[in-house]
Each structure stands twice: as C-alpha cells, then as structure tokens.
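Got chain A sorted already, so can you dock chain B onto it with the hints?
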Amino acid sequence: MLEVKGLRKVYEDTSRTVEAIRDVSFCVGEGELVCIVGPSGAGKTTLLKCIAGLLAPTAGGVIVEATPVVGPPPAMAVVFQEYGRSLFPWMSVHDNVMLPLKQKNMPAARREELVRDALAAVDLKGVESAYPWQLSGGMQQRVAIARAVAYEPHVLLMDEPFAAVDAQTRADLEDLIRVLWRRLRVTVLFVTHDIDESVYLGQRVMVMSQAPTVIMEDVAVDLPDERTQLETRSMARFGELRKHIYSQIQLAKQGWRPPAG
Amino acid sequence: MKAAQASKVRAKSTARAFVWLQGLGGLVGFALLLEIVPRIGLISPNYLPPFSEIMAALFKEMTTAVFWSALSDTLEAWAIGLVISVVAGVVIGIAIGSSRIVRTLTHSTIEFLRPIPSVALIPLAVLLFGSQIQSTLVLVIYASFWQVLIQVLYGVQDVDPVARETARCYGLGTWAQIRYVTWPTALPYLMTGIRLAAAVALILAITSEVAIDTQGLGKQISDTESGGAVAIMYAYIIVAGIIGVIVNLGARALERRVLAWHPSIRLDAADAVA
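Which chain is which? The protein sequence lines are A and B, in order. Oh and the first sequence: position 58 is 58 in the numbering used here, straight run, nothing missing. Oh and the second sequence: position 1 is 1 in the numbering used here, straight run, nothing missing.
Don't take each hint at face value.
Rough simulated footprint, nothing fancy, chain A against chain B, three-plus residues with beta-carbon under 8 angstroms [to be verified]:
hint: 1; segment: 162-170
hint: 2; segment: 180-186
DEER-style ranges, computed between Cβ atoms [to be verified]:
hint: 3; chain 1: B; residue 1: Ser7; chain 2: A; residue 2: Asp95; range: 22 to 30 angstroms
hint: 4; chain 1: A; residue 1: Ala109; chain 2: B; residue 2: Arg114; range: 33 to 41 angstroms
hint: 5; chain 1: B; residue 1: Gly173; chain 2: A; residue 2: Asp117; range: 20 to 28 angstroms
hint: 6; chain 1: A; residue 1: Asp95; chain 2: B; residue 2: Ser264; range: 53 to 61 angstroms
hint: 7; chain 1: A; residue 1: Thr14; chain 2: B; residue 2: Gly173; range: 48 to 56 angstroms
hint: 8; chain 1: A; residue 1: Pro68; chain 2: B; residue 2: Pro263; range: 36 to 44 angstroms
hint: 9; chain 1: B; residue 1: Arg257; chain 2: A; residue 2: Pro68; range: 15 to 23 angstroms
If you're looking for bench data, these hints aren't it; they were derived computationally from the structure. As the structure is a computational prediction, the values presented were derived from the model and not from experiment. Glycine included, every Cβ here is placed at the ideal spot set by N, Cα and C.
Isolated chain A, as found in the complex:
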C-alpha cells in the first residue's frame, strides 16, 4: 500500500549540508493506522513531506499503491498542524472543503453531497457559510479533516494535527480520527511527538531517532480495537507500551541509535 524504501534526505545549500534523514524504510498495509513518534528535531515533518510528494528525497523513494511518488499522489490527503494557515481565510468553510473537489471531474451534485457528508462526519453542521477564522481552533481542525475526508483519499497523512489545540479538544479529535479511520477504511499515517497519543491511536508505533533519522523500533500496539479515552488509557498494557516507547525516546534523545543493518 505505502512503502518507504531507503529514504534519505540531505538539505544542501552553499554554506552547509544537513543530513535530516539517513535511512528510513517501512511499509504500511492497506487500512492500517500507523503512528510515527520521535523527539523534536527528529525529521518527522521532512519524512512526511517526502511521503506527500512535496519534497524530493536525496536517495531512496516512496511507493503509494504501486506507483512511485514524484509529486503529490492523487489518492492522498494531508492534514497539517497549522490549520489556521492551511485553511484559506478568504473562503467559507463550505468552499474550503469544496475546493479540492473542483479539481476532480465529477458532477456538481456529487461534490455537494461529499462536502455535506464530510462536514457531518466531523460533527460540523450549520457552519458552512462561516469563515474558518470565525471558529475555534478545534472546529477549524475539524474543517481541515472534513476537507481531507471529502477528498476520498486512500491514504491520509497527518502531521502533528492536534499539537495546537487544548487537551480536551485533543481527546475528542483523537476519538474522531479512530471513528473515521474505521468507518472509511482509509490508511492513516499519523505523525506526533506525543507518546500517549501515538499509543492510543495506532495499531503500530514507529519510534524515530534524532536526526539524521533512522527508525529505532517498530512497536505493535496490542490493545483492543475498541478504544476509549477513559478505559484504554488506564489499562496496564497501555502503561507498559507507553513506558517502553518513552524509554526509547529517551535513548533517542541521548543520541543512541540502533546498530546499522
């Protein structure tokens, strides 16, 4: 479904060279929900931009649905952390969600239906004609998620989408992602720096080292599929996974790296 092979990214300009990603390889199966977690400065955003086709890797590559990525893949939607900048302030909520659909060849009635369904799916109704900046942060990120949902992607990339909202809203949005993922059967790659969030959301958590980035460990999250903020987070197993990943991140921060191979 989604395959990252030997990906390397080096930023070069006239004065210096920075190796952001050394060697990253992994696969995400169809319909999987995988979280990527790492310390700040781990090159998470660089990795995500390479996967999204926004940035050309120095070596290696990304394959989405058997097609090598050279530009943004048509079956992929991205939700950015900076919802305030990713939503267009000159367009209403409705038009923001509609805009990507205008680029697709489909009947107008079908477009309207997709916009309506997507807004309903993220529990936003009656704000179609409002502008994004008239809404709270959490609602704005819901609009951004609705825009992604309406696009009918096969792969959904999320780049620390909830880093800028308050804790309560964040919990609600996490549950929303789980619900949408199960309902739409979409493949989700979720980047975060929050260990709890990665364990709560993911079926797998990939722990990244500091830059130049490699993958420290690929952790399977063996928690039940039905997850609730209250019960899941108080399970003993949740605590164990959390502790394990936390210690891995601490190692990463100290500069420890897995042996090459």
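Quick look at chain B alone, frame taken from chain A:
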C-alpha cells in the same frame, strides 16, 4: 459572542463617525482661515480672494458647459490611465512574481525605471502625441503602473508556504493555485497599490493638463490664471482637491468590501470574545 461582536461593530462605527466629525471641523477651520486672511489684508485679495468669493465663482462656473467638459476630460484620462495601469500591473506582477529567475532578472531594471519622475517624460509625450489625451495617458500610466506593480510583486511573494503545500497536496494545478491561493494573497497588496495609483494618477492627469494644455481641469487652472480670473482658478483647484478626497474614500470603501476576510478588517472569534 454575537452580542459582543455587534457591540464591537457599533464601537467601530461610533469611532469612525467621531473621526469624520473631527475631519469636518478641520475643513471648516481651514475655510474660515481662507476667508479671513485676504479680508484683513495679510495676502492681497488679488492673489487670494476670500473663500466666499471662490465658492461663489465655483457655483457660477458649475453652470457652464466648459466646467463639466473639463471635469469629464480629467476623469476620463484618470480612469482610462488607472485601468490600464492596474491591469498591466496585475498581469506583469503575477508573471514576474511567480518566477524567481524572472524576478532577479528584472529587479535592477524596475528599480532603475521606477524613480524616473513622470514629468520628465513630458517632452517625449508632447513629441509623440502633442496635446491630445494620449499625452496625459503616458504620464498617468507611467506614474501609477509602478505603484500597482510593486505591490503585486510583494503580494505574490507573500503566499504562505503551508497554504501553497495544501494546494499542491489537494491537486490544484498552476492556474488553480494562481486563482485560489496567489490572487487572494496578493489582493490586500493590490488594494493598497490601487489606492496609491488612483491618487498618483489624478495628480499626473492634472499636471499634464497644466503643463501641456491637454483638455481638463488643469488646463482650466492655467487658462484662468493667465486670464486673470483668480477666483475661478481657485475654484478649479478646490474641485481637484475634492476629487482627490472622493477617490481616496472610494478606494477605502472598495478595500473594506473586497477584504472583509482579511485580519486588518475582519472581526475574529478571538476579538469578539475579548
């Protein structure tokens, strides 16, 4: 939230009315000064007739066909020149601004041409078109085009990288990106450019009429001056000033309408709560 927003809107419009009143007070004071200075002989009424005489001359002049055709000639040259400048500034600005190479290549040329005063082109304009409207247009367009171009160039480069990446991720092509991302981003800059260009265009239209005798208010000013009709001359100068004020108010009203979504004009959710 709604009530807070409404009260904020009210507060804004009250503040605006107050500013208007102050501005009006200033004008009345200035008119009084113009009345008194010649009357007490500080300046000879031969050079500066009292304000009341100027106004009387103005009302009388307004009944003549000469006045109205001069007014419409000036406005015509102003409007045609402004439209050409804005269209050219937008098209060329987007074309240059969208490519870094073209931007670098044209930068020094623009910085060389831009400071050349339009009036320096008067001999050239006369040589080419004599005292026809085209001469006025050359000066008007040369002066106002740069105002628009420079603003559009800044605006085009101000596109938020996150907005750009969002557009690319969601499959917007070059044209769709220009229309839905670049254009709205550049719009606030363009509005500033239009406001500046509208004022400059008016200045150059009248300058050209005074200097090269093309038809319009400026020609009336120089004709009445040489004919010794000083009060009428001042009347035309006042008309030129009034047009300037109206142009500026119009440009600001347009700005408020077109940019209702922009942070400088909109009322944020955060604003309404505060």
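Checked hints:
For the segment 162-170 of chain B, the proposed coverage by chain A is satisfied: 7 residues have a C-beta within less than 8 angstroms of a C-beta in that chain, meeting the threshold of three. Under a criterion of three residues with beta carbons nearer than 8 angstroms to beta carbons of chain A, the stated coverage of the segment 180-186 of chain B is upheld, 3 such residues being counted. At about 29 angstroms, the CB distance of Ser7 (chain B) to Asp95 (chain A) agrees with the hint of 22 to 30 angstroms. The hinted range of 33 to 41 angstroms is not satisfied by Ala109 (chain A) and Arg114 (chain B), whose Cβ atoms lie roughly 51 angstroms apart.
In this structure the supplied range 20 to 28 angstroms holds for Gly173 (chain B) paired with Asp117 (chain A), their Cβ-Cβ distance being about 26 angstroms. At about 21 angstroms, the CB distance of Asp95 (chain A) to Ser264 (chain B) disagrees with the hint of 53 to 61 angstroms. Remark: the range hint 48 to 56 angstroms for Thr14 (chain A) to Gly173 (chain B) is contradicted by a beta-carbon distance near 32 angstroms. As the Cβ distance of Pro68 (chain A) to Pro263 (chain B) is approximately 41 angstroms, the hint placing it in 36 to 44 angstroms holds.
Arg257 (chain B) and Pro68 (chain A) have their C-beta atoms about 48 angstroms apart, which leaves the hinted 15 to 23 angstroms range violated.
In summary, the numbered hints that this structure violates are 4, 6, 7, 9.
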